[in-house]
Structures are given as C-alpha cells and as structure tokens.
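All chains should be modelled from the sequences, with the hints used to inform the complete structure.
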Amino acid sequence: MPTAEVASEFTVHHALDGLHKGGVQKKYGNFIGGRWVAPAQGKYFTDYSPINGEPLAEIAKSTAEDVEKALDAAHAAKYAWGHTSPAARAELLLKVADKLQENLELLALAETIDNGKPIRETRNADVPLSIDHFRYFAACVRAEEGALGELDNDTVAYHFKEPLGVVGQIIPWNFPLLMASWKLAPAIGAGNCVVIKPASNTPLSLLIMAGLVADVLPPGVLNVITGPGGEIGKALASNPRISKIAFTGETTTGRLIMQYASGPIIPQTLELGGKSPNIFFADVMDHDDDYFDKVLEGFALFAFNKGEVCTCPSRALIQESIFDKFMEKAVARVAKIKVGNPLDPATQMGAQASHDQLEKILNYIKIGKDEGAKCVTGGEQAHLGNGLEKGYYVQPTVFVGHNKMRVFQEEIFGPVLSVTKFKDIDDAIEIGNDTPYGLGAGVWSRSGSTVYRVGREIQAGRVWTNCYHVYPAGAAFGGYKQSGFGRETHKMILDHYQQTKNLLVSYSPKAMGFF
Amino acid sequence: MPTHVAASASAAALIRRLRELHGPLMFHLSGGCCDGTAPICMKQGEFPLGSLDVLLGEVEGAPFYTGIGQAALMTNAELLLDVVDGESDSFSIEAGDGQRFIARTLSCARDSSMAKE
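Keeping their order, the protein sequence lines are chains R and H. Under my numbering, the letters of the first sequence match residues 1 to 515, in that order. Under my numbering, the letters of the second sequence match residues 516 to 632, in that order.
The set of hints was computed from the structure by calculation and includes no laboratory data. Model, not experiment: these values are computed from the prediction. Using N, Cα and C, we set each Cβ at its ideal position, and we do this for glycine too. Don't take every hint at face value.
Claimed, not checked - If you anchor each label on the Cβ, the simulated ranges turn out as follows:
{"id": "1", "chain 1": "R", "residue 1": "N502", "chain 2": "H", "residue 2": "L564", "range": "45 to 51 Å"}
{"id": "2", "chain 1": "H", "residue 1": "D600", "chain 2": "R", "residue 2": "A157", "range": "57 to 63 Å"}
{"id": "3", "chain 1": "H", "residue 1": "H537", "chain 2": "R", "residue 2": "E91", "range": "35 to 41 Å"}
{"id": "4", "chain 1": "H", "residue 1": "S566", "chain 2": "R", "residue 2": "D17", "range": "54 to 60 Å"}
{"id": "5", "chain 1": "R", "residue 1": "E297", "chain 2": "H", "residue 2": "A587", "range": "44 to 50 Å"}
{"id": "6", "chain 1": "H", "residue 1": "G565", "chain 2": "R", "residue 2": "K369", "range": "30 to 36 Å"}
{"id": "7", "chain 1": "R", "residue 1": "L503", "chain 2": "H", "residue 2": "G560", "range": "40 to 46 Å"}
{"id": "8", "chain 1": "R", "residue 1": "D17", "chain 2": "H", "residue 2": "D612", "range": "50 to 56 Å"}
{"id": "9", "chain 1": "R", "residue 1": "K336", "chain 2": "H", "residue 2": "G565", "range": "43 to 49 Å"}
{"id": "10", "chain 1": "R", "residue 1": "R456", "chain 2": "H", "residue 2": "G560", "range": "40 to 46 Å"}
{"id": "11", "chain 1": "H", "residue 1": "S566", "chain 2": "R", "residue 2": "V470", "range": "48 to 54 Å"}
Stated by the list, open to error - Heads up, simulated DSS-like pairs for lysine-lysine below, C-alpha to C-alpha not over 27 Å straight-line:
{"id": "12", "chain 1": "R", "residue 1": "K26", "chain 2": "R", "residue 2": "K69"}
{"id": "13", "chain 1": "R", "residue 1": "K43", "chain 2": "H", "residue 2": "K558"}
{"id": "14", "chain 1": "R", "residue 1": "K501", "chain 2": "R", "residue 2": "K481"}
{"id": "15", "chain 1": "R", "residue 1": "K336", "chain 2": "R", "residue 2": "K390"}
{"id": "16", "chain 1": "R", "residue 1": "K69", "chain 2": "H", "residue 2": "K558"}
{"id": "17", "chain 1": "R", "residue 1": "K294", "chain 2": "R", "residue 2": "K329"}
{"id": "18", "chain 1": "R", "residue 1": "K95", "chain 2": "R", "residue 2": "K78"}
{"id": "19", "chain 1": "R", "residue 1": "K26", "chain 2": "R", "residue 2": "K78"}
{"id": "20", "chain 1": "H", "residue 1": "K558", "chain 2": "R", "residue 2": "K234"}
In structure tokens, the structure reads:
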C-alpha cells in the first residue's frame, strides 16, 4: 500500500484523508485468522481524535463471542506455528519489521491523530522503536539455545524451550503501537499465537499494523479484538483456552486480572505504573556545559508524551544546596515547552489522550494547590483555539512541595511535575523510595560512584543514569513493588512466553530393580 | 477524619441505570498507569476484596473501596464521584459507551458546607 503523504495543512481532516489514500479503513472489524471479521453482535463504536474531538473510524464493539472466535483461530494455527523453526520465525519477524518500516509515515500519522502525541515523537520514537523491537527479537529467537546436563554415565537431561501455545495480551492507550510491539514480538517470536486487545480509545495503529502483516504471518498467529475493557478483558484473562495473560494498565485492573487468571491457573506479567523520582545532585551544576543542558532536558522530560507514561519522571528531587539556582534554569526550560497541534512537527507537547484524562489531570492540579504545593509554572488547561477548542490540552505544570503530598504520591498521568529538595545521598534514596511504586527512576550526577550507589539502592526496575526516557531493546524494563512483575524489552521476556520441556533420557538397558 | 464520598446527580443516575442492567455494583478507586486514580465500577463480588482494601463509603447503594495506601493519602478528603464524557478504555463497567466515572477531590479538608449537585 502506498504511504500517506505528510499533511501540509496540520488538520486531522487532512491527515485522515492521507491515511485513507494510504489504505486505512473507515470501519474496522476484528482481525481474526488473517482476515477482517465483523463483530458477532454487529455493534461498532466511534474512535475519536483527542486533537480536536473529530471522529476517526468505526471500530468493532466485540463481545465474549468474538474472543472465542479469535481463540478458535489461534488454536487452529498454534501447532504449525509452534513447530516452525526459530530461523523461520525470525525471518517473519524481520518481514514484519520491514512492513512497518515501509509504512513508517502512515503509522506515525495514525498514532498521532489517535493518541494526540506529537508527530515529532511518533516519527522519531514510537514507530522506529516498534520496528526495532521485531528485529531485536528476531535476533534473540535465532540465537536461543536450550541446555543439557549429563547426570550420570547413562542419563542425560535435555532442556528445550517450547512455546506456551495461545496467549492473551491487553495493552494501554499511551503508546499503542509500541506497547503492542513490546508484547507481540517476543510472544510471536517464541512460537505462540496471540489474541491481543488494544485500548478502545487508541485502536487504530494496531489495526493498521494487522492489515499490513496479513500476508506475512500465517493466519491465526496474530488476532486483534477490539471492544470494552471489562467484557473483553474478562473473557480473555479468565479463559481456559489461553496459557498466559499479559497486561499493562492500572492497579485495580491488575488485581482483577490476577484474580481472573486464578481460574485457569495461568501465569501473568503485569506492568502497573509508577511515580518515578528524577534525582539531581549538586555537582550537575558544577559547569555550564553540554551535560548541564542535558540535565535541564532531563528535568523537563516529565512532559514527554504529555506525561502519559508509566515511567513519567513526575517527582524531581533536587539537592538543596543548588535548589534555587537550579530551579531558576529548570523552570525556565519548562516554560519554553511548545504545547500545540500534534500534527505540527514544531509541537513538543500534544493533546492529552481523552477528555476524562484531561479532567483527572485538572483535578490533580487543584489537589496540588489545595494541599499547599506552590505552582511555579503552568497550572491551567491550555486553550489553543485555531480549531483545537474541542481538544484536550494542559499547560506543563510544576509544583514545589514535599513528598507526603498527594501530588507526590499518586500517579497523575499528565504533564505535572512535583519538585522537592533533599539534603544528601541517604536523604535522596529515602525520598526516592518513599512511594508504593517502583517502575522507573532517574539519577543525575557527574560522579560515577554517586550514580552507582544511588542506582543500586533505588527500588525500581529501571534506573536511568544520566539520561531518561530511552527505551532501547536489550535493556530490561519492568517493576518493583506495586508496579508489577516481569521484565520486557529484553530477551529475558522470552522466558515468560515459553515453558521448559525436560527430556530425561536413559541410555541404560537395565531395570532399576524396584519391581 | 475519614474520607467522605458522595455522588453527583449524574453519577447517581448512571449508577441506577447500570444497576438495572447488571445488578448490584461496587467501586474500587485505583492508582497507577493510564487510568490512574480512577474509580473502577464492577459487579459486586467481581473484585477480590481483602485486608488491603478499605471501605470509604457508599454511593447510591454501591460500596466504594480503595486500597489501604490510597486511603491513607485521602484522610480528610471530600470525594465527589462524577461522570464525564470519556473515551478512555477501562475495565470499569460504564466505559466504552462514551462516559466515564471520575473521582474528584473537592477539598482536602472536610467542608460541611459542600453542596451536592
């Protein structure tokens, strides 16, 4: 399919036109067994753009029946796919990557209009990272080996890694294509067939991707079901026909999924969010150099993806000896952030993904003010005009307070940063760890031993050290504490999508002597 | 002082409508990624309540719970369960029909002069 042209006028209408010319449909059924299948009850819902509230497409409003159909297709495909050699599976993962690469602009545009994130980010982060994920796992799958042990002269234990069979995956709306890729690449690479449910407010990029790989993957390997979280999620997670459930989302639903999974007794991997501390030691200000410029960007990165990231560096901890001077520069950096139409490549921060998200963020800004946190920049809804009146925009907001406040403890999931000070390394670690979550953290210092000591003491699965918000394949990602369990974006995730077969082989012809 | 939860008129109406469709309901106020601190509405009995959950109150006959950690952050808070137009996907029973429950904090200290909608 030809790629869409870049919208020269930055309107959703123009972008949508381009997508339609590029083969994107106005109405999507479910993707089952390699083809588009209308939902069993014939119902659809509208997918809207948070840029300006405009409708984008009609999406299948599936029911439990549709989940069963998808499982039928997955089970029909699982034997052949599970017996496909690692090299052949890797080859197809590479072809999936190639298809995504050929359609990079189309996918970036679709992701921007569906989620509201800036085109600058979808072109340079979301889509390229998704492509690379398939390539990385192609390599991992090819290079995987089992193990064997010689137990005695006549007995050998062979350990083979085998796929689980059919797995269920439920992904969030904040990085729709990337979250799909993080889940699909290892699951499919490991030889499983998947039934995956995208978030209902951002189904477009995954549906487009399914269409693009329809003639790459064997039918039934990838199945996409769209519909309301409660019904579809339950039908999938509690289903005796899946061997594992993977979920990224919030805590209550995470607990619900664990409960559902107890029925069929299946393993889960869960990623449940965070309140990541970004820790800045005094020595960052020792020189006004490239590194300090990077540090200031690090502070402002709470605005990346408009704060809708599980690892949003939403708490900044600044060493008290540099607090005032640092904040002067850091707040000035935040005040320069360009909020605007995400289709404009100059825009740095786009629209929040939905109306209820916007309401929740504004409520937290009110909470921060009520609690006595001091708002030093932002603090209001952003009214952009220019056809964007019905979109969901917030000013990047910075509060100064202390770590026991609600805006320091609760995940806001928006461009709101809460800043506090710390005395010394032990204080930084204590405040950094004073959170129920443990997904991400950032540590900034010119001293290698400081960043190492702090990094090893912070109770989080990902500690960015003199950087933030980089997500390369090959770096394990996942939570401590209430942030969940399991590690993605690294070959170790393959262990979560495989099971070990031990062939315990005797080469002795003699009976044991028991009976 | 405990947290106080009340429902706006539109939230109460939505709860009644959902109860007619689904039977008795409950709420659990969540935390974390994506939905973040959003109330999840479910059928009673659906959610594995335990010693780590706290009952904050009742709205329109539906018990309203949250986790023990979240409850500790909200002592003295005045919560209003409200409904907004919302496209967010969620396991909450009303999600997917264009509306979404949200929990507004009206004040962080008990205010007896608070008027319900």
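Subject >> Given pair status - K481/R, K501/R, alpha carbons within 27 Å >> reply: Not OK: K501/R and K481/R at ~31 Å, beyond 27 Å, violated.
Original post:
Would the pair K26/R and K78/R pass a check requiring their Cα atoms to be no farther apart than 27 Å?
Top reply: This hinted pair is violated, its Cα atoms lying about 31 Å apart.
Subject >> Proposed proximity, K558/H with K69/R (alpha carbon, max 27 Å) >> reply: Cα-Cα ~26 Å, so holds.
Original post:
How does the Cβ-Cβ distance of R456/R and G560/H compare with 40 to 46 Å: does it lie in that range?
Top reply: Given a distance of about 44 Å, which is inside 40 to 46 Å, the answer is holds.
Original post:
At the C-beta level, are D600/H and A157/R separated by a distance inside 57 to 63 Å?
Top reply: holds, 60 Å
**OP:** Evaluate the given range 54 to 60 Å for the C-beta pair formed by S566/H and D17/R.
**Re:** Cβ of S566/H to Cβ of D17/R: about 56 Å, so the range 54 to 60 Å holds.
Original post:
Holds or violated: 45 to 51 Å for the Cβ distance of N502/R and L564/H?
Top reply: Since the Cβ atoms of N502/R and L564/H sit about 40 Å apart, the hinted range of 45 to 51 Å is violated.
**OP:** Note whether the CB distance of G565/H and K369/R lies within 30 to 36 Å or breaks it.
**Re:** Because 35 Å falls inside the window, the suggested range holds.
Original post:
Do the Cβ positions of E297/R and A587/H conform to the proposed distance bound of 44 to 50 Å?
Top reply: For E297/R and A587/H the Cβ distance comes to about 35 Å; the hint is violated.
Original post:
K26/R and K69/R: Cα distance at most 27 Å?
Top reply: Given that 27 Å is the threshold and the Cα spacing comes to 23 Å, the pair holds.
**OP:** Mind checking the alpha carbons of K95/R and K78/R for me, to see if they're no more than 27 Å apart?
**Re:** Distance of about 20 Å is within 27 Å: holds.
Subject >> Distance restraint between K558/H and K234/R, which requires alpha-carbon spacing of 27 Å or less >> reply: holds, 12 Å
Hint violations for this structure: numbers 1, 3, 5, 8, 11, 14, 19, all remaining hints satisfied.
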